[in-house]
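Taking the hints into account, I'd like the entire structure generated from these sequences.
Protein chains in written order, with my numbering: chain A, 1 to 136; chain B, 1 to 136; chain C, 1 to 136; chain D, 1 to 136.
The hints are simulated quantities; they were obtained by calculation from the structure and are not laboratory data.
A couple of the hints might just be wrong.
What the hints assert, rightly or not - Listed next, the in silico DSSO-like pairs over lysine-lysine satisfying Cα-Cα at most 30 Å (straight line):
1. A:K66 <-> A:K116
2. A:K116 <-> C:K116
3. D:K106 <-> C:K3
4. C:K106 <-> C:K50
5. C:K50 <-> C:K3
6. C:K106 <-> D:K3
7. B:K50 <-> D:K116
8. D:K66 <-> C:K106
9. B:K3 <-> A:K106
10. D:K66 <-> D:K116
11. B:K66 <-> B:K50
12. B:K116 <-> D:K50
13. C:K116 <-> D:K116
As the list claims (entries may be wrong) - Computed, partial: chain D to chain C, Cβ under 8 Å:
14. I53
15. P56
16. D59
17. F133
As the list claims (entries may be wrong) - Heads up, incomplete: computed chain A residues facing chain B, CB under 10 Å, no partners named:
18. Y30
19. E31
20. W54
21. V57
22. Y64
From the three backbone atoms N, C-alpha and C, an ideal C-beta is built for every residue, glycine too.
Spelled out, the chains give:
Protein chains: 4
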Amino acid sequence: MFKHDVFYRVRYADTDQMRFMYYGNYARLYEIGRVESLRTLGCHYAELEKAGIWMPVLDLQSRYMKPAFYDDELRIETRILSIPTTRLFFEYEISRAGGEVIHQAKTTLVFLSSEKGRPCRAPDRLQAALSPFFSV
Amino acid sequence: MFKHDVFYRVRYADTDQMRFMYYGNYARLYEIGRVESLRTLGCHYAELEKAGIWMPVLDLQSRYMKPAFYDDELRIETRILSIPTTRLFFEYEISRAGGEVIHQAKTTLVFLSSEKGRPCRAPDRLQAALSPFFSV
Amino acid sequence: MFKHDVFYRVRYADTDQMRFMYYGNYARLYEIGRVESLRTLGCHYAELEKAGIWMPVLDLQSRYMKPAFYDDELRIETRILSIPTTRLFFEYEISRAGGEVIHQAKTTLVFLSSEKGRPCRAPDRLQAALSPFFSV
Amino acid sequence: MFKHDVFYRVRYADTDQMRFMYYGNYARLYEIGRVESLRTLGCHYAELEKAGIWMPVLDLQSRYMKPAFYDDELRIETRILSIPTTRLFFEYEISRAGGEVIHQAKTTLVFLSSEKGRPCRAPDRLQAALSPFFSV
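In structure tokens, the structure reads:
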């Protein structure tokens, strides 16, 4: 398994009048988790797009266990559970820094050739970068 | 079953550089579906909050079947599948107006006493308004 | 002068923990004002882009007079003050429906050839559609 | 004058279909500039609110000079131009890290007693923390 941590400060822009982080704004956190975990693997999403690969989200599952509040420093733990072929599965666990888990989520992304508009294989470089984490 | 339709125009603010509606912005559509469907039942969420009832989202499942594009006129069909007790289950089906289904989602919300910070029963008025749709 | 009204319901997604509409979310209202006023003039922004014209915002001035609250029905009055050549000047006045003005703003947009990446003239059709409102 | 720098990575959530950062999303950057500059002065906005002081935005001026793109690392330079009494004036200059200035903005905020709903004086602590930067 591959794991990665990144931190996020909850902003006023993220809150709603319940004083919670608005439920739709967690999608930004997953995005940050995905992109920064791929970056540590040497896989820059901006370059992937330039090379003609898009990675739209196919599905999303979110579990809101406790609210996130303004100015909370959140830890986003992102996990990749298998070496991707045409799809990439991420899991996310969000906790208050040094504290309890408040949120869990999963997403499926597909590798898409932006030219053909069709699914394509994961880039070799990403598969190679991930393989050490999954070797027997 | 209770069903409700409301329409939503995709704005530039909703798009991302893939030219798709950003995956996190669908949460706004579900919110509109929920609130406007409850309004037709005579249940105004703003009043509910004033009466001390909050309805945070507990979980969310989204399935992105086809992208939504800028200026698309979307139909949000919202369904309530059972008379709520302490939780309220919504399902959403989003389609381009007059066209194909592009997105499906489900959310669970809990009725929460904002004073006690604890789950509470659905308002009688909401249960009464929904009962005709579920009578045998 | 050309004037146009459109209505907007404040959503939970728009609020912040002060219970106000977050100051950055007014940009969505101006966008709705612009796009819907142009639509009534027969000028669809989605088609403009397909014809190779972009309209990025060059500057913005906002005056927050009173807060907008959750579920407020806002009236967005959009004004075009002159027939555009390479730039388009909009003014916005936002009020609670049937009530007081709570917000004022101005934006300048430029017509940009998306191919050349350079400013270009306003489409003839838009100039023609606006001319009756500015005839002597 | 007091100056402060903080960095921000442009996210997919921030982009629009022009491939630019959406004009309304800069408000988040100003917020980050404000809050992080105040934090370095020992003034935590979250604590201010708990002490009954809100700081809503009264006005905003933005100048979009060049677009910000996906994955750009932006430098937000925040300046406080005078010791606040009942209002706090911020200026922002946003540049690509190590590069050109792409955006400038100004905001006015007011100190508001959340209990009385009326303007109040800036906290002594903030005035004291700022005074070394403005001594003759």
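Status of each hint after checking the structure:
{"no.": "1", "hint": "A:K66 <-> A:K116", "in the structure": "42 Å, violated"}
{"no.": "2", "hint": "A:K116 <-> C:K116", "in the structure": "26 Å, holds"}
{"no.": "3", "hint": "D:K106 <-> C:K3", "in the structure": "28 Å, holds"}
{"no.": "4", "hint": "C:K106 <-> C:K50", "in the structure": "26 Å, holds"}
{"no.": "5", "hint": "C:K50 <-> C:K3", "in the structure": "26 Å, holds"}
{"no.": "6", "hint": "C:K106 <-> D:K3", "in the structure": "28 Å, holds"}
{"no.": "7", "hint": "B:K50 <-> D:K116", "in the structure": "20 Å, holds"}
{"no.": "8", "hint": "D:K66 <-> C:K106", "in the structure": "19 Å, holds"}
{"no.": "9", "hint": "B:K3 <-> A:K106", "in the structure": "28 Å, holds"}
{"no.": "10", "hint": "D:K66 <-> D:K116", "in the structure": "42 Å, violated"}
{"no.": "11", "hint": "B:K66 <-> B:K50", "in the structure": "38 Å, violated"}
{"no.": "12", "hint": "B:K116 <-> D:K50", "in the structure": "20 Å, holds"}
{"no.": "13", "hint": "C:K116 <-> D:K116", "in the structure": "55 Å, violated"}
{"no.": "14", "hint": "I53", "in the structure": "11 Å, violated"}
{"no.": "15", "hint": "P56", "in the structure": "6 Å, holds"}
{"no.": "16", "hint": "D59", "in the structure": "5 Å, holds"}
{"no.": "17", "hint": "F133", "in the structure": "26 Å, violated"}
{"no.": "18", "hint": "Y30", "in the structure": "8 Å, holds"}
{"no.": "19", "hint": "E31", "in the structure": "8 Å, holds"}
{"no.": "20", "hint": "W54", "in the structure": "6 Å, holds"}
{"no.": "21", "hint": "V57", "in the structure": "4 Å, holds"}
{"no.": "22", "hint": "Y64", "in the structure": "6 Å, holds"}
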